[in-house]
Structure formats: C-alpha cells, structure tokens
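A.B. asks: Below are the chains, spelled out letter by letter.
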Amino acid sequence: MSGIVASIIDGLLVGSVYGLAAMGLTLIWGVMDVVNLTHGSMIVAGMFGLFLLTAGLNLPPYAALPIVLAGGFLAGLALYWIAVHRMIGRPPLMSLLSTFSINFVLIGLGTAVWGTVLFNVPVSVPGFTFGRYTFPGTHIVAAVLTALLALLLYFFLYRTRLGKAIRAVAGNRGAAELVGIPTTRVLSFAFALGASLACVSGMLIATLFPFTLLSGDVYQLKSFIVIVLGGLGNPTGALVGGLALGLLEGLLTPFMPVSWTAVIEFALFVVVLIACPTGIFALRRS
Amino acid sequence: MTDLASTHVAQRRDSVLRRPFFWVIGVAVIVFALAPWIGNDVELRESFMLATIYVILASNLNVMIGYAGYINFGSIVFFGLGGYICVYLMAVPQWPLAAAAPAAGVIVSALALPFGLGILRLRGAYFALATIGVNEAVQAFVTNFKPWGGASGMYLSTALFKPLGGPMQALWTIYFLLVAIMGLSLYLSWGIKISKFGLGLLAIGQNEDAASVMGVPTPLYKAMAYCATAFLPAMAGGLYFFKGAFIQPSDAFDLTFSTEAIAIVMLGGQGTIAGPAIGAFFYEQLRGWLLTSETFSNFQLVAAGALLLVIVLFLPGGLMGWLYQRWPRLSRWIE
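Order-wise, the sequence lines are chains A and B. Residues 1 to 286 (my numbering) are what the first sequence spells out, left to right. Residues 1 to 335 (my numbering) are what the second sequence spells out, left to right.
Just so you know, the hints here were simulated from the structure itself, not pulled from any lab data. The reader is advised that the hints may include incorrect statements.
Claimed, not checked - Simulated coverage check for chain A against chain B, where a stretch passes if three residues somewhere in it have a Cβ under 8 Å from a Cβ of chain B:
#: 1; region: 89-96
#: 2; region: 109-116
#: 3; region: 256-264
Stated by the list, open to error - If we take Cβ atoms under 8 Å as the criterion, some of the chain B residues that face chain A in the derived model are:
#: 4; residue: Arg-121
#: 5; residue: Gly-124
#: 6; residue: Ala-125
#: 7; residue: Ala-130
#: 8; residue: Glu-136
#: 9; residue: Ala-140
#: 10; residue: Asn-144
#: 11; residue: Thr-259
#: 12; residue: Met-266
#: 13; residue: Asn-298
#: 14; residue: Phe-299
#: 15; residue: Ala-304
#: 16; residue: Gly-305
Since the structure is predicted, the reported quantities are computational estimates derived from the model, not experimental observations. The beta carbon of each residue, even a glycine, is placed where N, CA and C say it ideally should be.
Turn these sequences into a full structure, and let the hints guide you.
C.D. replies: What follows is the structure, given as structure tokens:
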C-alpha cells in the first residue's frame, strides 16, 4: 500500500514539470490562437542547453536555468517573427502548418549534428528517504523550481502591467488595441515567454531522465494531453492538468508495464477532447 | 474559392467522359505503369513505387484538407493499420494477397466511419490534435498487442511470393497494383469533387456553419469523407508491407510519413486533383536526390520543412494555384 503512495507522490513531482511544459504551450494558444508545434523542439533545445552548459562549460546543473530561460526567450522571439507573425489572424490551420514545418527544420538540423543517441546529464542531489522509500532529490528540486516559476508567472500575469496587457490581448485583441496596447509587441513577448517556459521545462526534464533529440515529440504529446485535461488556454489549468497526468502515471505504474500507460494516456486524450474539449475542470464551473 | 464552386456546378452538366481531365488521368497512369516496365528498369520502378505511395496518401488526404478544410495529421494510421491487417491475414489464416488487401481496406474503412463521426465533431486545431492522438494511441496499442508481434513486429515468409510467380515477378505485380490504386485514388478524389457530396465538402471547407444552415448534412459528409479516404491508403499499406515482408509499429505509424503527405498536398495545391499527384512526384524525386547527395543526405527533413514553410508563407495555393493564376484556361484540362 505504501508503495502505491510513494509511486503517486513521485508521479505528482514529475507531473508538475509536465505542467510547466504545458503552461508555455497553453499561454501561446490562449493569447494568439496558435497551436505551437515547435513546442517539442523547444523542450529538446532546453535539454541540449543543459547538456552543453554542464558538459561544455562545467556549470553546475541548476545554474544553467537562467541561461536556458534567456536563450529560450530569444529563440521564441526569432520563431515568432519567422513563422508566426504573418499567420496571426489567418485560419488557425496555417499557423499549425508553419510551426510544424519549423519543427521539422529544427529537428532535422539537430539530428544532423547530434544524431539520435541517448544523452544523460548526471545530476547529484541527495534523495529524501521516508521509511523504505527514497524519493530522488532531482525530482524534488524540479518540483520546487516548477512551483517557484509557476508562482512567478502568476504574479507576472496578474500583477504587472505587461502581464495585464497579455491577458487583455488574449481576451479581445481589437479592444486591447483601441486602448493603446501595442498588440504586436505583446504577442511576440507572449510567444517568447511560452517558448522559454518550454525550454526550462525541457532542462528540468533532462535532470530527471535521459533523453534523445527526438524526446521532444513525447513531451509535446504529454503537454497536449495536459492542456486538454486542464482546459486550453488556461495556465493555471495546465499546472493542475500536469499534476493529474502525473497522478495517473503514478497510479498506473505499480499495476501494469510502462508501455501500456501510453495507450491509456492517448486514449484518455482522445476521449477527453471529444467529450469535453474545454477540459475536465471546466465541467464543474459550468 | 466562390468562383470555384460556381464553375464546378456549370461543369457538372457535361458527361464525365467528354471532359478532358478524365482522359488526362488515364493516360498519365498508363504512362506511369509502363515507363519502368519497358526498359525493365528496376531502379526506376522502386523510385516510382514510392511515388505511387505518396500520390495515394496525398490525394486521399487532399479530400479532407483541400475540400473539407480539416487537417488530418494522423492520416498514416489508415496506411499502417491496413498494412497490419493485411500482413496478419496473410501470415496467420494464410489468406492470399487478393483477399487480404481488400479485406484490410474494408476493415479500416469500417472502423473509420464510427470513429470519424466521433472525432469530426471537433473543429480546426482541436481536430488536428485529436488525429495525432489517434495515431499515437493506435501505435502504442499495437506496440503492446502480442498477436501482432508487439514492438518487434511481424515477418512474412518469402514463400508467399510463390503464387505471384516468384519474388521477381511479384515485385512487378505489386507495382502494377499500386499504380492501379493510385489511378483509383485520383478518380476517387475527382469523382468526389464533381459530385454533390464533393460540393457539400467544399461548402464545409468555406464555412461550416453556413453549409449546415443551407442543408448540408455536415457530420455525415465529414465522416463519409473520412471513411472513403481510408479505403485505398489501407490497401496500399497492405501491399507496401507485403512487399517488404515485414511490419513493425514504428514504420507503420510513422508520423513523418503523414507530414510528408501534408507537405505534398500543400506543395501541389490543396483542393486540386492534379496538384497532390504532381507534388508527390516532385517530392519523391527531390527526396531521392537529397538522400543520395553527399552534402544533403542528413538534411532531408530540413529541406522538406523549409520547403513547406516557404509554401505556407508565400504560396498558399501551391503549384497548381500559381499555374492557374498564370494560365486560367488550364483548369479546363487539368483540374
């Protein structure tokens, strides 16, 4: 019994990081109605950012966080101006295709340079032992950092002028423009913020598990599941959705082989999309 | 797009046989079948065989993307599932290819209809996400499904090539069958486009709510399109994996293949019949060239992605859109 509890707690720790990844995706969706399919490659960029900074520059792993955050922001700005800006206001399918093709280019470049071999970044943090179970230190640190970043994001969106501008543009772009908000600048900022959140979550995931260049697809799909659970376009919902997915994984792991959890997750994803596309938490509110 | 719909109705009054495009398709398919056969050119046949697969996937996908305006990221699930069913029927109950491949098509279509009624309630990006989810769910399931060999897949005995006249002859037979399926795909997408059903799909693509108000049975039409475009890719999947005598989940449900099909539809011109076919042919040639060239062999994905980006950004009508703009009368001959 206590084994299941331990598995659930560990699932929740990891799930919070999924939530962080999904927050970046859902922020972009909510603000500009763009499904950002470069999300997976941004996550991978964060992973390789950590790898390069620790292996190349000998930085301690968690010191890489601010650098990855800033790098992700700049990459996000560039992506916005290359692929997304011309698609704002056009049918959503066009931005879907343009970000999709950028993802292709990035993954193609990455595989040409690094191939698809497994990478691992050794991070040593003492674990927390409780009875017969030890929770890995990296999982705890990742969850704490995620909680910190989520709080900062909340503070930013609800307490600062720029954050309020982002929410105004998400609510009604035309009206936001009428009251003098520079919408294009706000949109590019929101996209860059979303991309940098994806990078940081990728970096944190790389401290937990080994990764390859193609890991982005897996975590991008997990992010989709999370934002569908939490309701599209809702950053707080994304964190709750991430915890829900982590809980599910933690619950399932003791009972079935790991490869079956993917079947259940994707089946759940399709069912939730069809049955309640506004997210399972929206049902209660309405 | 509106003048497209009005010319469409005017043209419908002609008999199908008197329209030049009917014969253009037929001649193109025959030339395609004979070109490698005349010189007994095996290398050309292999290259054309891949091109037929691309044409089949792209022109069936085009019915969803180009007519109804629904982006299906997971169209490869039809191909992969068809491949699995065909290989399974040949390996275990020992069915002949002539029965297994059509059976695969029928089963996949039959699955697609109820499924389409469910996921086609979603619109736009929601639908696109769901199709990715469906493909991943099916792949994850097949990876765990022991009767189909799980993650390591299924092999076919090469003895199965015997009834087709040995391995050499069998490859030619498979090629001709794939060319025939390609021809059927082109006629199917043309036939849909000039029918009332196709007009309904085009109306859905322009404005689904308006179409519904005007009396188009939108949920049924969308599900029918989903189901009709599952049949031929599933059969092609059966033939393709029979040819390789091996199938595994990561090959059968490879999202890259779906993506390439989308790129091809956009490249050739969505909503046209010739566009996806020409796009597929050129894409296959380009891909072959990139794979064999020393400098570019690692950058095949980069080139495909960059090409798609340029089309989406600057040429949303694709090759056919550009040609029609320059020579408007071309649309009488090539639709």
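A.B. asks: If you take the shortest Cβ to Cβ gap from Ala-304 of chain B to chain A, is it below 8 Å?
C.D. replies: 6 Å, holds
A.B. asks: Closer than 8 Å Cβ to Cβ for three or more residues is the test here. Does the region 89-96 of chain A pass it with chain B?
C.D. replies: holds (count 5)
A.B. asks: How about the region 109-116 of chain A: do at least three of its residues have a C-beta closer than 8 Å to a C-beta of chain B?
C.D. replies: holds (count 3)
A.B. asks: For the hint on Phe-299 of chain B, does the least C-beta distance to chain A fall short of 8 Å?
C.D. replies: Holds: closest Cβ of chain A sits about 6 Å from Phe-299 of chain B, inside 8 Å.
A.B. asks: Holds or violated: the hint that Asn-298 of chain B contacts chain A, with Cβ atoms closer than 8 Å.
C.D. replies: 4 Å, holds
A.B. asks: Grab the minimum C-beta distance from Asn-144 of chain B to chain A and call the hint holds if it beats 8 Å, violated otherwise.
C.D. replies: 5 Å, holds
A.B. asks: A closest beta-carbon separation below 8 Å is what the hint needs, so does Glu-136 of chain B meet it against chain A?
C.D. replies: 5 Å, holds
A.B. asks: Have a go at the Met-266 of chain B hint: is there a Cβ in chain A nearer than 8 Å to its own Cβ?
C.D. replies: 7 Å, holds
A.B. asks: Quick check on the hint: Ala-140 of chain B CB to chain A CB, less than 8 Å?
C.D. replies: 4 Å, holds
A.B. asks: Against chain A, run the beta carbon of Ala-130 of chain B and see if the smallest gap drops under 8 Å.
C.D. replies: Hint on Ala-130 of chain B: holds, closest Cβ of chain A at ~5 Å, below 8 Å.
A.B. asks: Taking 8 Å as the C-beta cutoff, is the stated coverage of the region 256-264 of chain A by chain B satisfied by three or more residues?
C.D. replies: holds (count 5)
A.B. asks: Quick check on the hint: Ala-125 of chain B CB to chain A CB, less than 8 Å?
C.D. replies: 5 Å, holds
When held up to the earlier numbered hints, the structure conflicts with none and fits them all.
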